[in-house]
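Engineer: The chain contents come next:
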Amino acid sequence: MARAISTKSKMFNTATAGTLGFLMFFPILWILILSFKTEEDAIRAPLEVLFSSDWTTESYGAVQARSDYFKHFMNSVTISVGSTLLGLLIAIPAAWAMAFVPAKRTKDVLMWMLSTKMLPPVGVLIPIYLIFRDFGLLDTRVGLTFVLMMINLPIIIWMLYTYFKEIPGEILEAARMDGATLREEVIYVLTPMAIPGMASTVLLNIILAWNEAFWSLQLTSSNAAPLTQFIASYSSPEGLFYAKLSAASIMAIAPILIMGWFSQKQLVRGLTFGAVK
Amino acid sequence: MATKASRSSARLMISPAVILLLGWMIIPLSMTIYFSFLRYNLLQPGSTPFAGWENYYWFFTDPSFSAAMVNTLVLVTGVLTITTIGGICFALLLDRPMFGQGIIRIMVIAPFFVMPTVSGLVWKNMFMNPVNGIFGRIAGALGMQPVDFFGQIPMASIILIVSWMWLPFATLILLTALQSLDQEQLEAAEMDGASWPNRFWFIMLPHMARAITVVILIQTIFLLSIFAEILVTTNGGPGVATTNLTYLIYVSSLLQYDVGIGSAGGVVAIILANIVAFFLMRMIGKNLDA
Amino acid sequence: MKLRTAMLAGSALVSAVATSAIAEEITIATVNNADMIVMQKLAPKWEEATGNTINWVVLEENVLRQRTTTDIATGGGSFDIMFIGAYETPIWGAKGWLTPLDDFADDADYDLEDIFQLVRNGLSADGHLYAVPLYSETSFTFYRTDVFEKAGVEAPTEQITYDAFAELVAKVHDPENGVYGTCQRGKAGWGENMAFIGPLANAFGAKWFDMDWQPQLDSEEWNNAITYYVDLMNNYGPPGASANGHNENRALFKDGKCATWVDATSAANDVRNPKTSTVADVTDFFQAPKQVTSNGTGWFWSWALAIPASSQKADVAKDFLKWGTSKEYYEMVGETEGWVAVPSGTRASVHEDPRLLEAAPFAETIKNAIFSVDPANPTRDPVPYTGVQFVAIPEFQGIGNYVGQQIAAALTGQATVEEALANSQKFAVREMTKAGYIK
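Chains as they are written, first to last, in my numbering: chain H, 1 to 277; chain E, 1 to 290; chain C, 1 to 439.
Just to be clear, a hint being listed does not mean it is correct.
Claimed, not checked - Computed list of lysine-lysine pairs in BS3-like fashion (alpha-carbon distance at most 25 Å, straight line):
1. Lys41/C with Lys313/C
2. Lys45/C with Lys71/H
3. Lys171/C with Lys150/C
4. Lys107/H with Lys165/H
5. Lys322/C with Lys367/C
6. Lys367/C with Lys275/C
7. Lys265/H with Lys10/H
8. Lys41/C with Lys71/H
9. Lys71/H with Lys313/C
Claimed, not checked - Stretch by stretch, here's where chain H covers chain C in the computed footprint (C-beta under 8 Å, at least three residues):
10. 28-36
11. 99-109
12. 245-254
Claimed, not checked - Sample of chain H residues at the chain E side, in silico, Cβ under 7 Å:
13. Ile90
14. Ala97
15. Lys104
16. Ser115
17. Ile231
Worth flagging that the hints you see were computed from the coordinates, not collected in a lab.
Just so it is clear, the structure is predicted and the values come from calculations on it, not from any experiment.
Just so it is clear, CB atoms sit at the ideal spot from N, CA and C, and this is done for glycine as well.
Chain H extracted, bound-state conformation (with noise of 0.2 Å):
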């Protein structure tokens, strides 16, 4: 039972649509386009901005010349891979026991967990601190990795459970008639069905890792910095600055913003939270 949209009507939704994500997108776009000028043309007028023919792409060598980009950026792949499959390592078992032998206190563990994430960090710092201190853990990955990990875990959890939960318990009941041992069970059968959910986790959590700007500030000075420290190095100006504070953005965010976008739509189909039934 189609029915006809007129063309006029779909040419209004898509030049207001259009407008409002173009205004959503412009900041991005306007350090896009300032990365590639001159840092004199950079403080102009917008358009003179845009119609200043100069295009260049010093401003990235001078901020690759200040501070190696690429130690840097493996420092935040490691870190926010390594604390998203290290939290799921953790998460599977937690999220299937809780959603296929739901006890009593279930939910009363899930929120607690989740409740644990409400923790303002700030107030932790100094044990936080000390105790990294006492095990070397400063600026190591290994620690910046854990304490990532325990700060995406609940949510990690919650979604997993969420999709689990989506599972029909029939299947597994059928497997287990079959035969099939706890283990087989998991890996045969509820891992293919949950791919799609765990895909969405790991990409929400790895795009959570890598901008988490507190502890990674905090914790790490260089051999374990992740990009956020390398950003923030441009917080304060030295003289003409936008153009290489906009290269130095867009290095930053264009991993995961590319990462973003090609995965968008295992992102969203899983983005639910239990949200959609």
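We have chain H; now place chains E and C onto it with these hints.
Structural biologist: For chains E and C alone, coordinates are given in the frame of chain H:
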């Protein structure tokens, strides 16, 4: 249906997560509570005598404390209001048929991927700077006095920046919810002569209710501890205009190096967060009934 | 369980990589001021010569202070070298948090005596040297000769009052042509706006504490000083002044947006450098103004390199310290960046170098200005503390930051001057009571 064996293995499977989270919560938390009863200033090492409730007294009588509470509330509710209402509007709009939906959606969700430090710096310098920022340039071109965003309307500026980052998230979740709505139900209502406002109010909105609670829950978790955006733009000022609870604790424990008072603040914030969490959980728990 | 094993192995591998740092890799925490950026540019020469490598951690000034203080006070050991200033060095040195550098005196090539006595004293505690300066500074007034000429204003030759300064600023204020009468620091922070406001308040006869350590922020003198500041900035300052710190103002001035600017002498070489500034040949200097007194009207500061006691690589770090503050280093800056860019206010031999005097004729003015500062007598009335724009006690950072925020609020109109100072007074009394100075 669950056998005894599967129950115990379930317990075994859940225990690593529970133990880790318990440890993560209890170890730093108990240290924080311990510190909050000590006279402990990083700049005065050596003796850390027991201080009783002194630190709590100092924290509660901090002239910035009440301002920080109000600011936290304003920031969280401000962003929640903008992103929820904006998200519903965006979702309704994007749910309609149009050309190039994929491209438009990509543009709308992009800000969600931007790290808070970057968005703070970019908005502060390239947009809100009254001399060289775009807004200032536009105002100047129109012959108006440029707005000094972080001087005159600091909190509104922070809310704007944070909302920009979270609007895509709300939009995405609400859109997915909307798309799962049974089209036939809508069409049936339309045939019965229900106007669009009625359809929105009685069919779409109730359908999105769950998604809205999820948006509110998740965002509240993150918004309560907003930090980086404030750090790179206003440093909590001018005065205490943009000092939220998180930032106040940062100031007392890391800018005044008073770990005792900072810890007392941490304990207060943790208690407040748990009160918020309790109410949110009840709300969401009802709505999510798993 | 294969997956789990693989992952555990993977994470073990990560940890192995992360902990096996190369032996001679040092980490330096620094602000991004122009002279430090030059040092970063030249540092590869030291790396090549010694085989060591450097990790630079570049942070905004307020953040740098927070990070370095947290690290050094907890003994975190994240940094081997820190850029710190005349405020932290004596306090931290006295606490044993810094490695003493007394053995630098034994190195004839290094010639420690060549560094100005005044500066060395500022970086010592209990007779031990704890940091070596890259540059030192006081404050003076930058002004634009072309703008003054156009407005028909004579630049003063003697120290003028702030009232006279305001009259002068009014005449050169020309926002239609994009030149604001004056740019002063507005960004909150004890090392930012308070660095300007401290000497300003001194000039108006104000003081932080009386001889009994009672805070004096609600005094008439403070009120006069802050009222003057707020009026001056609102009438003749650039928009958004409350976000401008040293580096922001420096950028504005170099871009030709300011007619006057009272700030660090150390910015002079950058502002007068044609390679980095558009106003290099139309900038000159006069003394920072006075008002009811000329005591403490120019601040004293030096950015210096220090080694935390928690550093495991003190020897390598010392080697870098010597290199970065040696005569050869300044010579190298002169050769590669031009003599006008050489950091000022540390070494007598550098200040006597004819190449410097030719490229930077103002170097002599700077030296004399620095020598005229007396941190022990910063105010009109006697006070129990030393320090011009700061008070050399650990509690000052917290108080200074808070007062800075309040004055920023007054500047933006979020609070009145009276409210801001009343809040500041209340806060200072609280902090001093907490710390046990007063009952």
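Engineer: Would you mind marking each hint as holding or not holding in the structure?
Structural biologist: Status of the hints after comparison with the structure:
For the hint pairing Lys41/C with Lys313/C, the CA-to-CA distance comes to about 22 Å; that is within 25 Å, so the pair holds. Using a Cα cut-off of 25 Å, the hinted pair Lys45/C and Lys71/H holds, with the two alpha carbons roughly 21 Å apart. With a CA separation close to 10 Å, the supplied pair Lys171/C and Lys150/C stays within the 25 Å bound. Simply put, Lys107/H and Lys165/H have alpha-carbon atoms about 12 Å apart, close enough for the 25 Å limit, and the pair holds.
Proximity of Lys322/C to Lys367/C is assessed by CA-CA distance (about 22 Å); at most 25 Å being required, the pair is judged to hold. About 23 Å separates the Cα atoms of Lys367/C and Lys275/C, which keeps this hinted pair within 25 Å; it holds. Between Lys265/H and Lys10/H the CA atoms are separated by roughly 23 Å; this keeps the pair inside 25 Å, and the hint holds. With a C-alpha separation of about 19 Å, the suggested pair Lys41/C and Lys71/H falls inside the 25 Å cut-off, and the hint holds.
About 22 Å separates the Cα atoms of Lys71/H and Lys313/C, which keeps this hinted pair within 25 Å; it holds. Counting residues of the stretch 28-36 of chain C whose C-beta sits closer than 8 Å to any C-beta of chain H gives 5, which meets the bar of three, so the coverage hint holds. With a cut-off of 8 Å between beta carbons, the stretch 99-109 of chain C has 0 residues touching chain H; three or more are needed, and the interface restraint is violated. Coverage of the stretch 245-254 of chain C by chain H holds. Counting CB-CB distances below 8 Å, 6 residues qualify, and the rule asks for three or more.
Given hint, Ile90/H at the interface with chain E, holds; its Cβ is 5 Å from that chain's nearest Cβ, closer than 7 Å. Below 7 Å, beta-carbon pairs count as interface contacts, and Ala97/H has one with chain E at about 4 Å; its hint therefore holds. Given hint, Lys104/H at the interface with chain E, is violated; its Cβ is 11 Å from that chain's nearest Cβ, farther than 7 Å. Interface restraint check: Ser115/H against chain E, minimum CB-CB distance 4 Å, threshold 7 Å, status holds.
The closest approach between the C-beta of Ile231/H and any C-beta of chain E is roughly 5 Å, which is under the 7 Å cut-off, so the hint is satisfied.
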